[in-house]
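The chain contents come next:
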Amino acid sequence: MILLLRAVARLVTLVLLVALALVGLAVAVFSIQGGDGPLSLPGLAEHVRLPELEDTAGEYLDQLEEDGPLAKASALAGAGALLAGILLLVGALAPRRERLVVFDEAESGRLSARRRTLAGIAEALAEQAGGVTEAKASVRPRSRLRSGRLRVTVSHSRSSEQSEVEERVSNALSRLVDSSGLAPRVEAKAGKRRAKVE
Amino acid sequence: MSARTPASQPTQPLSAAPSQRVQLARLALDAALGVDGVVSSHAGPLGTRVTVDRKERLPGVLATALAGGGYGVELHLVTEVVPLHPLAERVRSRVVQAASAVGLDGALGPVDITIADVVGSNEVSEG
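Quick note, the sequences are listed as chains S and H, same order.
Going by the working numbering, the first residue of the first sequence is number 360, and it counts up by one from there.
Going by the working numbering, the first residue of the second sequence is number -12, and it counts up by one from there.
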């Protein structure tokens, strides 16, 4: 998803920059003459039909003030534009390098892993703990401001105690947690009535 | 004045031989794939983690020139569910051995290992 947003943001940036350059070029060319000459700014306004555009926009704004389908369509279009803007911002500002969880860093090299990979390992380990019917894990790598965190949510059978399951899952994750330096957070909740331990 | 190649130097054109960077990348990848527990290399979600030679692409390995000389090697690996620290040590050791065997140990810098994915033993046997 982020990759797609990033690609769209780059394309939109390119199109906008080209459009901006063309507008700047047109304004520069039409600033050669003053007054009402053919290469003047009023001449440019005539070429792009600004007076007609002003009339059209005026009519549209008049209709927008009244209740009706146009007002609803405009509100929807505005909300869509807002959403598109937010998505483009996400695409433009999302970090380019994938954030990895670093296990070990020395002169001989660094050992790291992708977040999704570690979450998969944590889920597999958690599901081996007794009483667990399902596990979901998410990993937040260490940053300058925050320590890394491994959050694991498990569902357990109704015959198991929540605190016992949490302890068993924490034990199952202990080696992964020790080697990765991630702070674990395990939450257990009773699963659905027919959920069974696989 | 014409440029001449001294007789003592090899007359093989430069374009024919792979660069030291590509040699290091290839030997590091081959060494890593020979280690038990390593399933394959991974070129990344966009396929950009590759070393490109003239005739071939080496997925999942990057050799980058270092400021102080030599090349740092980055390996992106898919592994089995095994303890990762010992696995990384085995991979590094094999890469260093392979580089020493062809006289490139002086050019080898740090070997960074990224676990790109982990597969179960069933997936390995099925694949």
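What the hints contain is simulated information worked out from the structure, not anything from laboratory work.
Treat each hint with caution, since some may be false.
Residues from chain H that face chain S, not an exhaustive set, calculated with beta carbons under 7 Å [as the list claims (entries may be wrong)]:
no.: 1; residue: Thr35
no.: 2; residue: Val37
no.: 3; residue: Val39
no.: 4; residue: Pro73
no.: 5; residue: Ala75
no.: 6; residue: Arg79
no.: 7; residue: Pro97
no.: 8; residue: Asp99
no.: 9; residue: Ile102
no.: 10; residue: Asp104
no.: 11; residue: Val106
The calculated lysine to any residue pairs, modelled on SDA-like cross-linking and capped at a C-alpha distance of 20 Å, are [unchecked claim]:
no.: 12; chain 1: S; residue 1: Lys495; chain 2: H; residue 2: Asp104
no.: 13; chain 1: S; residue 1: Lys495; chain 2: H; residue 2: Val68
no.: 14; chain 1: S; residue 1: Lys548; chain 2: S; residue 2: Arg503
no.: 15; chain 1: S; residue 1: Lys431; chain 2: S; residue 2: Leu442
no.: 16; chain 1: S; residue 1: Lys495; chain 2: H; residue 2: Val106
Note that beta-carbon positions come from the ideal geometry of N, C-alpha and C, so glycine has one too.
**Asked** Which hint numbers does the structure go against, in order from smallest to largest?
**Response** Those not satisfied are hints 1, 2, 3, 4, 11, 14.
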